[in-house]
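Undergrad: Below are the chains, spelled out letter by letter.
There are 2 protein chains.
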Amino acid sequence: MQAQKVQMAAGSVRKLLRRNAHGHVSNLLTKFRPADVAVIIESLAEPERVAVFSILMKRNRDLAAETLNELGTERGLALLAPLNSEEISAVLQELETDDAAEFISALPEATAQEVLERMRVEDSTDVQGLLQYPPETAGRIMTPNAFSLSEDLAVSEAIHALQTAEDLEMVFYLYVVDDRRHLVGVVSLRQLLMVPPSTPLKKIMTTNVISVKTDTDQEEVARQVAHYDLLAIPVTDSENKLLGVITVDDVIDVIKEEATEDIFYMAGVDVHDHVYTPVRGSVRRRLPWLGINLVTALIAASVVAFFEPTIARFSFLAVFLPVVAGMGGNCGTQTLTVMVRGLALGELTWANSRAALAKESLVGITNGLALGFVAGFAAYLWKSNAVLGLVLAGAMIINMFVAGVTGSVIPLLLKKINVDPAIASGIILTTFTDVTGFLSFLGLASLLLHYIPVS
Amino acid sequence: MQAQKVQMAAGSVRKLLRRNAHGHVSNLLTKFRPADVAVIIESLAEPERVAVFSILMKRNRDLAAETLNELGTERGLALLAPLNSEEISAVLQELETDDAAEFISALPEATAQEVLERMRVEDSTDVQGLLQYPPETAGRIMTPNAFSLSEDLAVSEAIHALQTAEDLEMVFYLYVVDDRRHLVGVVSLRQLLMVPPSTPLKKIMTTNVISVKTDTDQEEVARQVAHYDLLAIPVTDSENKLLGVITVDDVIDVIKEEATEDIFYMAGVDVHDHVYTPVRGSVRRRLPWLGINLVTALIAASVVAFFEPTIARFSFLAVFLPVVAGMGGNCGTQTLTVMVRGLALGELTWANSRAALAKESLVGITNGLALGFVAGFAAYLWKSNAVLGLVLAGAMIINMFVAGVTGSVIPLLLKKINVDPAIASGIILTTFTDVTGFLSFLGLASLLLHYIPVS
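Top to bottom, those sequences are chains V and B.
Just so you know, the working numbering puts 236 at position 91 of the first sequence, and the rest follows in order with no gaps.
Just so you know, the working numbering puts 409 at position 264 of the second sequence, and the rest follows in order with no gaps.
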């Protein structure tokens with residue numbers, strides 16, 4: 146129902162734009178939540194988007210800012226591009242600090258500087274505070290100035306503070322600090338309702354608070370929040386002083402982003418490459434990866450070239466080359482995927498990595514034995530050549546065993562040297578399985594076919 | 146720090162078990178959160194796990210139940226296996242209804258029936274209520290009996306109801322219903338604190354409530370919660386009567402599960418196949434997929450077989466066969482991944498699918514032109530054969546264009562006929578790119594090499 150309303154609204158906006166009924170466009174969009182306004186804007190053509198956004202900028206800047214945020218950095222930047230730095234700073238200072246920081250860090254450096262200079266001093270100070278932390282860390286994605294109260298307050302005072310505080314849309318927990326702002330406890334909103342108003346916070350707070358440091362990787366932040374089913378997690382400095390908070394809605398974004406990153410990296414796609422990325426952007430992001438693929442494919446091809454005389458004599462070998470290499474690749478990709486995802490979900494650790502390696506090698510050789518004999522038998526029937534069948538079976542068993550081993554070792558090694566295992570694993574693996582496949586199949590063929598009389 | 150403590154605890158548990166100090170094991174584990182107890186149990190050997198779990202069952206059944214839940218269905222079931230149906234029902238009835246339902250639906254049918262009969266009547270009725278909804282729908286994963294209040298109550302009465310209600314660990318919103326239990330509004334806990342106690346709920350509630358139906362797919366539930374940044378979403382029947390609620394922590398699990406499903410399906414891995422799955426289970430789950438791969442590989446091989454006489458004459462062709470097919474496969478996989486993930490994230494819709502198809506075809510042919518000429522030139526230099534270079538370039542351009550088209554059309558078509566596009570897309574795509582690659586390369590070679598004198 147909601148989706149239908151949104152689709153219909155997009156049509157109405159288009160009509161109203163043609164009639165230059167700017168007031169009506171603004172009134173119509175104000176009835177929707179920012180997340181839906183973002184969907185409506187997305188389904189318009191490029192010039193219409195810019196027009197609608199500039200209408201919102203004039204008539205409902207709050208909604209413009211929230212919509213921008215829902216669109217995300219990449220699509221949002223396209224709407225900011227036609228604006229001058231004054232307009233950009235006006236809209237960005239309506240955002241939460243962490244979101245404003247994300248947009249500003251994506252702007253060209255000169256524009257970013259101008260935008261920061263034109264923002265309200267307190268906002269630009271907050272944004273610059275976040276920008277000092279590296280991207281994808283807790284410090285960068287936190288909301289600074291988390292709502293916190295002294296451990297000496299009573300529950301009634303805490304409720305009063307909550308009632309008078311401004312800009313507190315997403316408060317789930319009260320963080321309790323000592324007189325030097327060290328994080329010492331946490332109280333849930335519901336706990337406040339459950340006890341007599343005179344109870345001191347110190348009495349009801351949980352002291353064993355789960356928190357992260359400013360330099361904690363955002364993936365680890367997400368893992369902690371998901372692991373402990375939290376609604377928000379506080380961020381502290383190295384002395385345990387409370388600096389900010391990360392809420393569960395931001396964590397959901399991180400989880401989706403990290404999953405997308407893993408899926409994309411494994412297929413050789415940049416994480417900023419989406420359905421709506423223009424052709425030029427997609428080509429620029431994918432071509433280098435395919436270029437590396439071409440180089441490794443040519444390396445593998447040179448193995449085949451080495452055996453050209455054998456192929457010239459037994460041309461049927463060419464038929465099975467892609468089968469051996471491909472089956473090894475598929476088998477290895479299965480292992481690789483389980484390992485890479487296991488690392489991402491925290492299921493795979495150094496403690497159980499040896500067991501995982503042993504298991505995957507065994508799975509590889511078992512699958513190799515099963516399919517090697519099937520393929521070998523098929524080849525024997527097809528070409529009436531028993532030696533060919535043996536060679537194919539042997540090569541597949543060798544290659545699928547190697548695929549199981551390399552598929553599990555590569556991501557572990559990459560992780561050990563601090564390279565994201567999703568990024569380069571695939572390409573290293575297929576180079577391995579291609580070379581091993583060609584080498585074992587053509588090597589065995591050279592040994593056996595040349596010395597045994599073939600029918 | 147927390148991770149270190151957990152690792153150390155695992156060591157201590159192991160020592161205490163050897164000394165048969167069951168009381169100490171229980172005391173030690175009680176100091177940790179269930180999520181961490183799950184990690185500790187996971188890092189033990191199989192017999193130790195069973196021993197620890199049975200200690201918890203005797204001395205701290207609540208913790209046993211919550212730990213079981215943190216382990217998830219698959220790993221949890223291994224711990225339930227040695228127990229009789231009475232013990233299983235005792236521990237499962239400590240869980241939230243939706244979690245209990247998940248375990249029971251995974252048990253063998255006869256055991257499940259026995260366990261249900263031995264549970265408290267109200268619990269088994271609730272569980273059976275959920276089990277009537279299909280898996281992976283809102284009805285199946287909701288907590289039934291959401292906390293809700295009549296629209297005629299005042300805020301003070303609502304606060305009193307909250308204070309006296311039991312078992313309300315995760316209340317974020319008050320759902321407001323009319324006298325026939327129709328969902329008519331929602332109030333946040335914080336709103337309750339902000340207004341005079343005599344205010345009727347009707348006055349402060351938001352009437353435009355985002356909700357889902359019992360038959361809504363869990364992936365769609367997760368999308369709504371993430372889209373609108375909710376902490377919980379109410380579930381209603383077709384008449385808008387409130388039946389249950391799904392909280393954000395369950396949604397995070399769904400998001401991770403669906404992302405894992407996509408990643409695994411694309412690599413031909415079953416979603417229940419993990420790092421810790423035994424060899425036999427992994428082989429049983431992966432072998433069928435590799436078997437299908439083998440069949441399609443042999444189909445592609447038969448295309449090569451058709452051109453065997455050409456290969457017998459020009460054996461260098463065999464060297465480049467895997468290059469053409471592989472580059473097409475890689476190029477198509479990039480497109481496929483962007484499309485499949487775009488569908489999952491809701492970025493790709495029927496409305497923008499034509500633009501996406503046009504774009505991906507263009508990206509494919511652009512990359513094909515760039516790499517086709519590079520590869521063609523490399524082949525010309527390597528084999529000093531200009532015709533070979535032309536043939537390789539032409540075949541790569543054709544195949545990478547076809548890869549872009551099929552890589553975008555396949556997931557859209559599968560989605561249209563209600564097949565998960567992540568499942569079969571990869572195998573259809575590589576069959577296509579293999580066949581097209583072999584056909585175009587060997588076809589062009591037959592045409593050009595046979596009729597033009599080669600050096």
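In short, the hints are calculated from the structure, not lab data.
Mixed in with the good hints there might be a few duds.
Chain copies aren't distinguished; within one or between two, either way the pair holds.
[Said to hold, decoys possible] List of simulated lysine-lysine pairs, DSS-like, C-alpha gap at most 30 angstroms:
| hint | residue 1 | residue 2 |
| --- | --- | --- |
| 1 | K150 | K203 |
| 2 | K358 | K150 |
| 3 | K348 | K528 |
| 4 | K176 | K401 |
| 5 | K561 | K401 |
| 6 | K560 | K358 |
Undergrad: Take the hints in turn and mark each one as holding or not.
TA: Consistency of the hints with the structure:
1. When the C-alpha separation of K150 and K203 is checked against a cutoff of 30 angstroms, the pair qualifies only within one copy, where the shortest distance is 25 angstroms, while the shortest distance between copies is 55 angstroms.
2. With identical chains, the CA atoms of K358 and K150 are at most 30 angstroms apart between copies only, with a shortest distance of 17 angstroms across copies and 43 angstroms within one.
3. Within a single copy, K348 and K528 get their C-alpha atoms no closer than 83 angstroms, and across copies no closer than 82 angstroms, so neither meets the 30 angstroms cut-off.
4. For the homomeric pair K176 and K401, the shortest alpha-carbon distance inside one copy (28 angstroms) is at most 30 angstroms, but the shortest distance between copies (32 angstroms) is not.
5. Taking the closest pair of Cα atoms, K561 and K401 come within 30 angstroms of each other both inside a single copy (24 angstroms) and across two copies (24 angstroms).
6. Taking identical chains as interchangeable, the C-alpha atoms of K560 and K358 lie at most 30 angstroms apart only when both belong to the same chain, with a minimum of 22 angstroms there against 43 angstroms between chains.
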